[in-house]
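Peer 1: Converting from the sequence shown to the working numbering requires adding 184 to each position, the first position being numbered 1.
Where hints are given, some of them may not hold.
[To be verified] What follows is a set of in silico ranges between Cβ atoms, one per label pair, in the way DEER data are often shown:
no., residue 1, residue 2, range
1, Thr216, His186, 45 to 53 Å
2, Thr216, Leu196, 25 to 33 Å
3, Ala213, His186, 27 to 35 Å
4, Val210, Asp188, 28 to 36 Å
5, Ile215, His186, 28 to 36 Å
6, Arg191, Arg214, 32 to 40 Å
7, Arg191, Ala213, 28 to 36 Å
8, Phe187, Thr216, 38 to 46 Å
9, Val210, Asp190, 26 to 34 Å
It should be emphasised that the hints constitute simulated quantities derived from the structure, not laboratory data.
Glycine included, each C-beta is placed from N, C-alpha and C at the ideal position.
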Amino acid sequence: MHFDTDRIINILIVAALALVILIFLVFFARITDTSNPYRKAADMDDTYSPWQPWIRLR
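Let the hints inform the model, and build the full structure from the sequences given.
Peer 2: Quick look at the structure:
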């Protein structure tokens, strides 16, 4: 049984590059998460609301 080492090394390099790209994409997706800050356990009635600044004066 003969193993072609060049082919195995090329497959390993491609697999490693694909893994690095996948990890980078997941990390980049987590950094650029622009979800609504009010959904992160903030109370809509008690926090400052920039689009209705006079609601607390009632």
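Peer 1: Taking the hints in turn, state whether each one holds.
Peer 2: Each hint tested on the structure:
no.: 1; hint: Thr216 to His186: 45 to 53 Å; verdict: 48 Å, holds
no.: 2; hint: Thr216 to Leu196: 25 to 33 Å; verdict: 31 Å, holds
no.: 3; hint: Ala213 to His186: 27 to 35 Å; verdict: 43 Å, violated
no.: 4; hint: Val210 to Asp188: 28 to 36 Å; verdict: 33 Å, holds
no.: 5; hint: Ile215 to His186: 28 to 36 Å; verdict: 46 Å, violated
no.: 6; hint: Arg191 to Arg214: 32 to 40 Å; verdict: 35 Å, holds
no.: 7; hint: Arg191 to Ala213: 28 to 36 Å; verdict: 33 Å, holds
no.: 8; hint: Phe187 to Thr216: 38 to 46 Å; verdict: 43 Å, holds
no.: 9; hint: Val210 to Asp190: 26 to 34 Å; verdict: 31 Å, holds
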